[in-house]
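Chemist: The lines below spell out each chain.
Protein chains: 2
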Amino acid sequence: MSPMAQKRVILFCLALISTIALSIVVAAPPATVPGIEFTAEGKLKLPTDYRHWMYVGASVTPNDLNRGAALFPEFHSVYIDPESFAEYEKTGKYRDGTVVVKELASVGGKEEPSGKGYFMGGFNSLEVAIKDSKRFKDEPGYWAYFSFEYKPTAEKEAGPHATVACNKCHQDSAEEDFVFSQDYPVLRASKPQSK
Amino acid sequence: MSPMAQKRVILFCLALISTIALSIVVAAPPATVPGIEFTAEGKLKLPTDYRHWMYVGASVTPNDLNRGAALFPEFHSVYIDPESFAEYEKTGKYRDGTVVVKELASVGGKEEPSGKGYFMGGFNSLEVAIKDSKRFKDEPGYWAYFSFEYKPTAEKEAGPHATVACNKCHQDSAEEDFVFSQDYPVLRASKPQSK
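Chains as they are written, first to last, in our numbering: chain A, 3 to 197; chain B, 3 to 197.
Among these hints, one or two may not hold up.
Just so you know, same-sequence chains aren't split out, so a pair can sit in one copy or run between any two.
[Claimed, not checked] Result set (BS3-like, lysine-lysine): computed pairs, CA atoms no more than 25 Å apart in a straight line:
(1) K170 - K112
(2) K136 - K170
(3) K118 - K170
(4) K153 - K95
(5) K170 - K9
(6) K112 - K9
(7) K153 - K193
(8) K9 - K45
(9) K112 - K193
(10) K158 - K193
(11) K9 - K47
(12) K95 - K139
(13) K112 - K47
In short, the hints are calculated from the structure, not lab data.
Full structure from sequences and hints, please.
Modeler: What follows is the structure, encoded as structure tokens:
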């Protein structure tokens, strides 16, 4: 090999090493979200402050339309942590670290002066979905799912559900990246290409 | 009247005048809320940024339960401006200047993997309630009500509804200070005495 060829090989190797080093530095860890903490054993602590997050929409699966025992009883109010939502508004993507919270409330009444329908009663439970490529590297899409029952008192910690319990259904039926954005108009209205 | 008695009367009058003057200075004007503006003619401009406000709950009065034409079609998502909400958390009162926004969305679907029920479609319109003791001094409770239709494009301005159109029903049936807090669990959970 000529000295010139040797020099080219050395330069190529240096460039390659720099590129690899740079990509390691650039690969950001999953974002952390205030109010979201794990125990040393990897259980999720009951989230705090999520009612001040970004509300993206609601749905209702009432017991009376689900043979008296809805899978999710009954109103679903869905929130996304504010920084991940701001990122979604810019990119249309759920960033690594995104937390989606679904707080469930019972049906409290079925008629008001505004009409017949479903009106919220008290809170039942909290469902949490977290996308984290480090902590949940083995879950499809890196999404893990947790539940906290409120009765008789709110559970303080919860381990992730088995993949087949929640992730599978989100993988099969959610419109974008395991999120049922098809049911949440604030998400649809906030996605960059819809503006 | 003795000089001493005269002096007492003068001191009393001065104290009274000071008290009245102080009460005029202390009586704060209604709070202003970012994103809420009026035209010179007193019409409300279409509010902005309310989707980042405090969500307090949702209800649904679907067309199919209201003879095909719900009074409010169909999902109601209710927000309160953040500073008025923070005041409510402290005092349990809606401060002068409070703005409550109700964004209406159609029913988009009636079944998802989570069960049978009602799922949100697109946005229809915006309803706004404002409590303002100066601007709406003649309205019961100082609350005035506005509507903005979104179709074909969002209306840019709206005058207040006649008292009988909205205020009357809120006066008769809303649980506290013209607000249907009975249907919004975040309000119930945030009121000081419930903590």
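Chemist: Now, for every hint given, state plainly whether the structure supports it.
Modeler: Hints, one by one, checked against the model:
1. K170 - K112: between (33 Å within a copy, 21 Å between copies)
2. K136 - K170: This pair counts as within: shortest intra-copy Cα distance 19 Å, inter-copy 56 Å.
3. K118 - K170: between (35 Å within a copy, 19 Å between copies)
4. K153 - K95: neither (35 Å within a copy, 29 Å between copies)
5. K170 - K9: neither (52 Å within a copy, 87 Å between copies)
6. K112 - K9: Answer is neither: 80 Å inside a copy and 68 Å across each miss the 25 Å cutoff.
7. K153 - K193: Classified as between; 20 Å across copies, 36 Å inside a copy.
8. K9 - K45: neither (53 Å within a copy, 75 Å between copies)
9. K112 - K193: between (34 Å within a copy, 24 Å between copies)
10. K158 - K193: Intra 34 Å, inter 23 Å, cutoff 25 Å: inter-copy only.
11. K9 - K47: Neither: 56 Å inside a chain and 69 Å across chains, both beyond 25 Å.
12. K95 - K139: within (18 Å within a copy, 47 Å between copies)
13. K112 - K47: Answer is neither: 34 Å inside a copy and 33 Å across each miss the 25 Å cutoff.
The structure is inconsistent with the numbered hints 4, 5, 6, 8, 11, 13, although it conforms to all the rest.
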